[in-house]
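**Student:** Residue strings, one per chain:
Protein chains: 2
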Amino acid sequence: MTFDPETTTFLIAGPVRIHPRVLRAMSMPSLNHRGDYFHGIVTEIRELLPVLFGTKGHQVIITGSGTAGLEAMYSSLVPKDGRTLVLTNGNFGDRTNSIVRRYATNVTTLSAPWGQAVPSVAVKAELAKGDVKAVCLVHNETSVGLANDLALIAPAVKASGALFLVDGISAVAGIPLPIEEWGVDAVVAGSQKGLAAPAGLALVHLSDRAVAALHPGTFYLDLAAHLKSLEKNDTPWTPAVPLFLALREALLLLKEEGLDHRLEKTHRLAEASRAAVRALGLELFPDPRYASDTVTAVKNPPGMGDPEFRKVLERQYNILLQGGQAALAGKIFRIGHMGIADWPDLLVTFAAIERILSRAGKLPAPGQALREVVDRMP
Amino acid sequence: MTFDPETTTFLIAGPVRIHPRVLRAMSMPSLNHRGDYFHGIVTEIRELLPVLFGTKGHQVIITGSGTAGLEAMYSSLVPKDGRTLVLTNGNFGDRTNSIVRRYATNVTTLSAPWGQAVPSVAVKAELAKGDVKAVCLVHNETSVGLANDLALIAPAVKASGALFLVDGISAVAGIPLPIEEWGVDAVVAGSQKGLAAPAGLALVHLSDRAVAALHPGTFYLDLAAHLKSLEKNDTPWTPAVPLFLALREALLLLKEEGLDHRLEKTHRLAEASRAAVRALGLELFPDPRYASDTVTAVKNPPGMGDPEFRKVLERQYNILLQGGQAALAGKIFRIGHMGIADWPDLLVTFAAIERILSRAGKLPAPGQALREVVDRMP
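In the order they appear, the protein sequences are chains A and B.
This note's numbering puts the first sequence at residues 1 to 378.
This note's numbering puts the second sequence at residues 1 to 378.
The hints are simulated quantities; they were obtained by calculation from the structure and are not laboratory data.
Note that the coordinates shown come from a computational prediction; the quantities given were computed from them, not determined experimentally.
Do not rely on the hints blindly, as some may be mistaken.
[Stated by the list, open to error] Cross-link-like lysine-lysine pairs, in silico, BS3-like; alpha carbons within 27 Å at most:
id	chain 1	residue 1	chain 2	residue 2
1	B	Lys232	B	Lys265
2	B	Lys299	B	Lys311
3	B	Lys158	B	Lys56
4	B	Lys228	B	Lys80
5	B	Lys311	B	Lys331
6	B	Lys299	B	Lys331
7	A	Lys232	B	Lys311
8	B	Lys228	B	Lys133
9	A	Lys80	A	Lys124
10	A	Lys311	B	Lys232
11	A	Lys265	A	Lys228
12	A	Lys299	A	Lys255
13	A	Lys311	A	Lys362
14	B	Lys56	B	Lys265
15	A	Lys265	A	Lys255
16	B	Lys80	B	Lys129
17	B	Lys158	A	Lys80
18	A	Lys311	B	Lys311
19	A	Lys331	B	Lys228
20	A	Lys56	A	Lys265
21	A	Lys228	B	Lys311
22	A	Lys228	B	Lys56
23	B	Lys331	A	Lys232
24	B	Lys129	B	Lys158
25	A	Lys265	A	Lys133
26	A	Lys311	A	Lys255
27	B	Lys331	A	Lys331
Build out the structure end to end from the sequences listed, making use of the hints.
**Tutor:** Here it is, written out as C-alpha cells:
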C-alpha cells in the first residue's frame, strides 16, 4: 500500500487532522481584506475566540507560526529590567529559553531532564527571592508528551506579582488551562493543535495587566499594533485570508462541540492510549504522573527503530504517527490525539501496532490493547 | 444587487484574484510537515521559485505577510555600522523607513511627495559620498500607483558597493525586475500580488553577497535559519501547509504561462487602463511617467467621493476596486490589474464606470473608454 495523504489515519503531534468543513472554507475566492465583508469575518472570529481560550480578554490573531506568537509575547512582555524565570524540560522549553534570552537581559533558567517535571520547590524558591518580574514556560511539552502542572506553581507566581507568560500552543483546547483562575497574563495558542485549524495563525490572549505592560517588540509582531487594528476588526498587515476563513469555521465547530466536551474527549482518548500502550508491554517516555493528554509519547519497542516500526505503520497501514525530536529521534514515537481525533483513529492505530508487534514476536497479550481502547469508549 | 464575494469582479491592489486550481490546492487534508511527502512539495516549490524571480539564487519562504518578509530582510541585512539610505514616496516607502530605523543606527531618508519620483540626482549625490552601506526602497509603490525607476539608480548603487535591498512585494511578476542586471542583493515578494497565490507567505531572494552579510535579526524571521532548513527542504518553524500547497500550484500556473507573458499582459492591461482613464476625462494620481503597470491610481471624479463612486461600483455592479490609503482616502481609486487579471475584468469595470459618470452627467465621450480597452486587446 502506498502512503496516501488523502485517506491517511493522521495522528501526528500537530498539525492535526482538519475537518472537511474547515478545508472547504478556504476555497472562497479572494476578499478585500480592508473591506466590510472581511471586517465582518474578523468580527465573528473575535466573538468566537473566547470559546477557544475559555475566557474573554484581549485576543490577537497573528499571520505566522506558533513561534511567531511566542516571539510576539516574549519580545513585548519580558522585562528589560528585572529578572525573568524560564522553565524547560523539553525541546519547546529550550526554544522558549532561546527567544526569551534575545529580549531579556537577566534570565534564570530552571531545567529538568526532558520528560521530567521541573521541581515546583525550585520554582517557588526562585520566586521567593522577590525579584522575578516574569515567568515563562511551556504548558504542554509536545516534544516529550508531558504536561507541566501549572496548578502547582500558579499560586506562587500570582503571589510574586510576576507576569505569567505561557506557551499554550499545544495546550489550548487540548488540556484544561483556566486562565483566570491561574492568573495567566499571556497565552499563545496555535491554530493547528486543539483547535484543528490549519497551521499558519498564532492566537494570543492577554490580560489587562499584560496589555498595560506591553512594550515595542519587533515591527511585524508588535502586539500593541495588532490590538489597535483589531479594535476596528482590522489587521495591521495583510492577513492570510484563507486561514482566517478556516479559523472562523474551526471556531464554529469548537463552539458547536463545546470546549468542555473537546477537553473531555481528548482526556478519554489519552487514557485509552496510555492503557493500550501498557497492554502492549511498552513504556511511556515521560514521567507517567505528568503524561500529556494531547500527545502520548512512547519508547520504541525494544530492538525496533523507526524503519521497523513507525515507517511500517506509514507505508503498510497508511497511519501517520510522529517520531522523536533532536536526541529522541528514532527512540520514541508519539501519538497525537487532540483536535478532532476520534475513537476510530485509535482503533485503527492500535490494531496495526498489535499486528506489527505480533509479527515480530513481541506482543505480550494479543487483543488486549484494542480491548483497553474499546473499554474506554463512551 | 448585493455584493457577492463568490462572483465579484475583483480588481483591488492585492491580494488579487486566485485561480480555482490554486483555491482547490488548499483543500488537501493535513500533511506531516516533517515528513517525506511535504518535503517533496517544498522541493518542487524551490525548483519553481526561479520562475517567479526570473533567476536562481538563495530563495526563502516565510509563513507571514509581506511585512514579515521586509522585517526579515532589513533586520538581517541593514548594517549596524555605516550609513543606510532609504528612499520613499508613498505609504510603503514610509513603512520601509520605519522598519529600517528599528535596526540601523545611521539612516538617511530621501523623500519625495507621494506619487512623485525621488530625484535620481539626489540619490547619486548621497551615494557619491562613499559611506552608504545599504540602499532600501520600494520598487512598486502600490499606495500611489507608481513604479520607481530602478534602472536609473541601479548602476550608481552597484558602483557604490552598497547592498541593494528592494521591497518587491507588488513588483515581482508584475513589472520587470532583472535582479542580476541591476545587481539587487535582496528582494521580497508577496504571494498575493503578481503571483496570484493567497496572502500569507513572503518570498525572499538573496544574492551570494547578501547571504555572506546576514546577521541575526529577529528569532522568527532569522534568514540564516530559514536557509539552513530549506537546504533540507524543511522549514525552521511549522509552515502554513495549505498556503504552501497553493504556492506550488500558483508557481506551476506561472510556469505554464511564462513570466514574460505575465509581465507583458500586465503591461498591456495597464496601458489600456491608462488610456481608458484619459478617455473618461479623469486624471492619474502619480506622475504619469512613473505610472505603475500593476495598479492604476486615479483621482476620484470631481465632486464624487467614495460613497458616490467606488461604493456604487461595489454595491450596484459587484466590482471591487481599491480606495486611497492614509491622506489619500476618499481622494483616489486604484485598479489592480496584475496576477491573473484579464481583459474581461477591464471591460466590465470601465463599462460600469462609464455608466456611473454618464448618469452623473460627467462622461465626456460615451463609449470611448471601452474602445480604448478593446483597441489594446491582443
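**Student:** Which hint numbers does the structure go against, in order from smallest to largest?
**Tutor:** Hints 1, 11, 12, 17, 18, 22, 25, 26 and 27 contradicted; others consistent.
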